[in-house]
Amino acid sequence: MPPAGATTGATTPADYARRHLRFGWWSLLVFLTLGLVLETLHGFKVGFYLDVANSTRRLMWTLAHAHGALLGLVHLVFGLSLRVPGERTPARLALLSRALVGATVLLPGGFFLGGVTFYSGDPGVGVALVPVGAVLLLLAVLLAARAS
Amino acid sequence: MRVNRNPLRRYAGYGDDDADTTIVQPARLDPARSAEVCGQCHGIWTFRDAADERTANAHGLPYRPGDVLRETRFVAQPKVDGSSDQMRALLAADPEFVRGSFWADGQVRVSGREYNGLIDSPCFADAADPERTMTCLSCHAMHQSAGDPRPTAAWADTHQVDAGREGDGGCAGCHAPIAADVAAHTKHDVDSAGSRCYNCHMPYTSYGLLRAIRSHTVTSPSVQESVEVGRPNACNLCHLDRTLAWTGDWLRAWYGIRPPALEVEERAVAASVLWVLRGDAGLRALAAWHMGWEPAQEASGSGWTVPYLGELLGDPYDAVRYVAAQSLRSLPGLGNLDYDYVAPAAARREAAVDVLRAWRSSPAATERRDARLLYARDGSLDTAAMRRLFDTRDRRPLFLRE
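Protein chains in written order, with my numbering: chain X, 1 to 148; chain Y, 1001 to 1402.
Because the hints were derived from the structure by calculation, they are not lab data.
Heads up, some of the hints might be wrong.
[Stated by the list, open to error] Label-pair ranges, simulated between beta-carbon atoms:
hint: 1; chain 1: Y; residue 1: 1060; chain 2: X; residue 2: 120; range: 20 to 26 Å
hint: 2; chain 1: Y; residue 1: 1154; chain 2: X; residue 2: 141; range: 22 to 28 Å
hint: 3; chain 1: X; residue 1: 122; chain 2: Y; residue 2: 1055; range: 32 to 38 Å
Note that beta-carbon positions come from the ideal geometry of N, C-alpha and C, so glycine has one too.
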């Protein structure tokens, strides 16, 4: 049986720290870029984003930007916190890491997809990824709290 | 609404093409219920009694689309219920209730109340076939149709008339025999404003929003309505320079409509001149607006209207002054007319004098030496006749409840 975390190549807290610092910075880059794009849409008053009929898209993409950027910061904090000794088993650390990565993909990704196509006041079906991501985030926070 | 709080139900609905039966779509209702959806706002109504009003204030209006509107409120329809207890009670509390909204025959005369016009129309009231019953949706669309090639702003500027319903499209669906040979019915050139259904059967006899608005009571023009009711008839709203007698003669010749007895002035003076000089404030506003209406200017000329519009620049009603100024601005050389309809009276008078002075020195001043327009043969205005008519003006205060 392979050691916990073997599938991701991370085995030690230092490996996880590097992984999450890298993931966090890249997440920030992606979602801050998204924020810049949204600001540009505001600047040029693009109807595709700003028209009243497209308010659902505007809300979803704003949420994608906000959640993605904040989760990027969570990765950075988590990566840094791994330098502090704690009660972490390899299995729980692997689960926590996967849950946090999954949340960072599914939460903003679900919001973004929910705004690509939508039904009047309801987001598109992509928004179904959001509750899954939210559960993974809660799980990650719970595991992090217990390991601290 | 309650049932659609369930997201699973909503998303299941998005997946199929069937209409959501929990949401009222006026186009799927029968004509009466459909029109009432619009009529809940675009109608003249009042609470049936004080208890209803208290309930509405506490819990909101009870009407919901699809309900029978009259079961929740009193819809004023003087043509039908002018002597009802409810109407008598209303008039006792507010003697101007009818006059402020309706012509003397009960036809609505203010904008935003088109439902009251519709329910008095034969195309609605006398229709037996739901497929051939006029409703709001016979002409208007609340959401621009997918196939409408017009920009959204252009569609909105037509008061949301649906694609294909402008021109004669709204009527032609039911009145196919007339549509097949329009000129035979209208006696006007087929491409002229006189051959457009709306212009004769839904003329601009309602007032609101500082302009004339089309009547939504479908009627046929008659001199009688102008003489007995005081409402301008469609013919003279285009042929501003013609008398009621002239209109009566043509309606008799073309349609066999017997004209009513006319006073001397009604036989001798153009109808629009009478409306400007003698009419109440609402009538003056309508006449002034039509003097700036392009089809009327084409049919009647426009240079001769300047002194009448100039006279209305001094009207006691702000709205009449505004409309008159707008019509003046539609005339050649007056596009930049500097006139503030709410300026002090002295400033308004000065602006009116300037307009008339400029007009007197222009060729337009003498282009019509027509006694019907109160112009003498030398081109001068018959101010004595104007004064006589002005002295008989309907000066009763008028508050139109648009």
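Outcome of the hint check:
1. 1060(Y) to 120(X): 20 to 26 Å: holds (24 Å)
2. 1154(Y) to 141(X): 22 to 28 Å: violated (54 Å)
3. 122(X) to 1055(Y): 32 to 38 Å: Hint holds: Cβ distance 34 Å, inside 32 to 38 Å.
Checked against the numbered hints above, the structure violates only hint 2.
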